[in-house]
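Undergrad: Read off the chains here:
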Amino acid sequence: AQSVAQPEDQVNVAEGNPLTVKCTYSVSGNPYLFWYVQYPNRGLQFLLKYITGDNLVKGSYGFEAEFNKSQTSFHLKKPSALVSDSALYFCAVRDDSWGKLQFGAGTQVVVTP
Amino acid sequence: DTGVSQDPRHKITKRGQNVTFRCDPISEHNRLYWYRQTLGQGPEFLTYFQNEAQLEKSRLLSDRFSAERPKGSFSTLEIQRTEQGDSAMYLCASSPRTGSNEKLFFGSGTQLSVL
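Chains as they are written, first to last, in this note's numbering: chain A, 19 to 131; chain B, 174 to 288.
Each hint can be trusted.
A few chain B residues that don't get close to chain A, going by computed Cβ distances all over 12 Å:
#1 D236
#2 P243
#3 K244
#4 G245
#5 T249
#6 E251
#7 Q253
#8 D259
Facing chain B, from chain A, some residues (calculated, C-beta under 8 Å):
#9 F52
#10 R60
#11 F64
#12 K67
#13 F108
#14 K118
#15 L119
#16 Q120
#17 F121
#18 G122
#19 A123
#20 G124
Since the hints were made in silico from the structure, they are not lab data. All residues carry an ideal CB built from backbone N, CA and C; glycine is no exception.
Can you make the complete structure from the sequences, with help from the hints?
TA: Given below as structure tokens:
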């Protein structure tokens with residue numbers, strides 16, 4: 019069984035400040051972790067993924083995520099948030115049985131000018 | 174870039190009616206997924222295909238739901254005898270290969286409203 023938790027329904031941050039969106043996961047095998055972003059009236063867009071190797075993964079639009087195996091976390095980060103980063107962010111996990119991708123409930127990010 | 178295409182974008186129907194949605198994946202993507210998303214929730218897995226074979230179905234998928242991918246290209250999702258609880262955004266996604274590390278490419282979804 020696999021599951022994902024995003025503990026914050028919403029994250030508010032001022033433009034220019036660092037942004038962190040939290041995610042913890044549970045899988046029975048090796049985890050494959052993903053972040054997606056959803057803008058209003060648009061489909062989910064892939065941001066980045068962790069497979070193996072370096073625990074810090076760099077992705078699109080200046081985002082990065084840090085994999086922490088001991089804490090079973092995969093937090094999304096951006097050093098300096100933009101107003102245009104305001105969107106709904108989803109963490110997702112799949113184990114190495116290569117079945118379905120399991121999504122978290124999502125975190126709404128609001129970046130204020 | 175043709176992307177994943179879903180049709181229709183919006184569907185309004187009366188309770189008890191049948192509806193069918195279509196998904197055209199990115200060409201040559203052999204995996205195709207259906208998800209359902211309600212307001213304030215993340216996408217919930219419904220089913221997925223590898224080529225024309227349906228490999229997994231969620232327990233969320235009642236007998237009123239059926240999905241096909243007859244030639245391993247486009248897919249259809251049919252809901253029979255719709256209920257108000259079926260109102261949701263139905264998302265289709267595809268991926269080029271079968272590995273666990275492959276990302277999904279999503280369509281814009283079909284918004285279903287059951288009155």
